[in-house]
Amino acid sequence: MDLFTDTYRIIESPVEGLFKDRGSKFIAKIYPTENENDIKEVLENLRSEYYDARHHCYAYILGPDKSNWRANDDGEPSGSAGKPIYGQLLSYDLTNILAVVIRYFGGTKLGIPGLINAYREAVKDALSQATILEKTVNETFLLKFDYPVMDLVMRTIKEKNYSIISTKFEMSCEIRIEVRKAESTEAFEYFKGIYGVEIVGE
Numbered sequence: 001m002d003l004f005t006d007t008y009r010i011i012e013s014p015v016e017g018l019f020k021d022r023g024s025k026f027i028a029k030i031y032p033t034e035n036e037n038d039i040k041e042v043l044e045n046l047r048s049e050y051y052d053a054r055h056h057c058y059a060y061i062l063g064p065d066k067s068n069w070r071a072n073d074d075g076e077p078s079g080s081a082g083k084p085i086y087g088q089l090l091s092y093d094l095t096n097i098l099a100v101v102i103r104y105f106g107g108t109k110l111g112i113p114g115l116i117n118a119y120r121e122a123v124k125d126a127l128s129q130a131t132i133l134e135k136t137v138n139e140t141f142l143l144k145f146d147y148p149v150m151d152l153v154m155r156t157i158k159e160k161n162y163s164i165i166s167t168k169f170e171m172s173c174e175i176r177i178e179v180r181k182a183e184s185t186e187a188f189e190y191f192k193g194i195y196g197v198e199i200v201g202e
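Residue numbers for the sequence shown follow the numbering used here, beginning at 1 and rising by one.
Simulated from the structure, these hints should not be mistaken for laboratory data.
Ranges between beta-carbon positions, derived for each pair:
id: 1; residue 1: Gly87; residue 2: Glu12; range: 15 to 25 Å
id: 2; residue 1: Leu18; residue 2: Asp93; range: 22 to 32 Å
id: 3; residue 1: Asp52; residue 2: Pro77; range: 14 to 24 Å
id: 4; residue 1: Thr108; residue 2: Glu202; range: 55 to 65 Å
id: 5; residue 1: Lys158; residue 2: Asn37; range: 34 to 44 Å
id: 6; residue 1: Lys158; residue 2: Gly201; range: 14 to 24 Å
id: 7; residue 1: Asn68; residue 2: Asn45; range: 20 to 30 Å
id: 8; residue 1: Asn68; residue 2: Ser48; range: 20 to 30 Å
id: 9; residue 1: Gln129; residue 2: Gly75; range: 21 to 31 Å
id: 10; residue 1: Gly201; residue 2: Gly87; range: 32 to 42 Å
id: 11; residue 1: Leu133; residue 2: Pro113; range: 25 to 35 Å
id: 12; residue 1: Glu178; residue 2: Tyr147; range: 18 to 28 Å
id: 13; residue 1: Glu159; residue 2: Asp38; range: 30 to 40 Å
id: 14; residue 1: Tyr195; residue 2: Lys160; range: 11 to 21 Å
Quick caveat, the model's predicted, so the values are computed rather than measured.
For glycine and all other residues, C-beta sits at the position ideal for the given N, C-alpha and C.
Let the sequences and hints guide you as you build the complete structure.
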């Protein structure tokens, strides 16, 4: 992710695709996911649901910068399954995503080019049905201030359309806001310019 990009793309909800070749059936199941624990759980569930399948090949990508990824061939020839699955996720520019392709062997060997094509096409079929959402990378600030500057702080938040995550109004005030990364320096300067506001980056 370059310095000027503060957006990333995810799928809204799980999708499924199918590809068949010479009796072999490739079922693609693709899920939005946040972490490796979720991925592990999904893989375990699919392995027990499709216990009679020959292979459960998968790839996942995590994080706005797509730095955490893995491709697994699950017994297929090296590079013939996990990499083509991963390649399709990249070609759609997606992250926070897990794609699993479950293969039922049909009795005829497809060869490595045939396998690469089958795994890729199964994922492509599923992703063609996905709703893709664009998200922004955000930063969180905690603003601490006394009541006399409340109006000014609230007006700035409203004018700049920042999201309020939480508020605490006791002896003094605390508001936690979320700001798009590209605008975070500007936001910091705005609030720093209001006398009596303490800004804590999170």
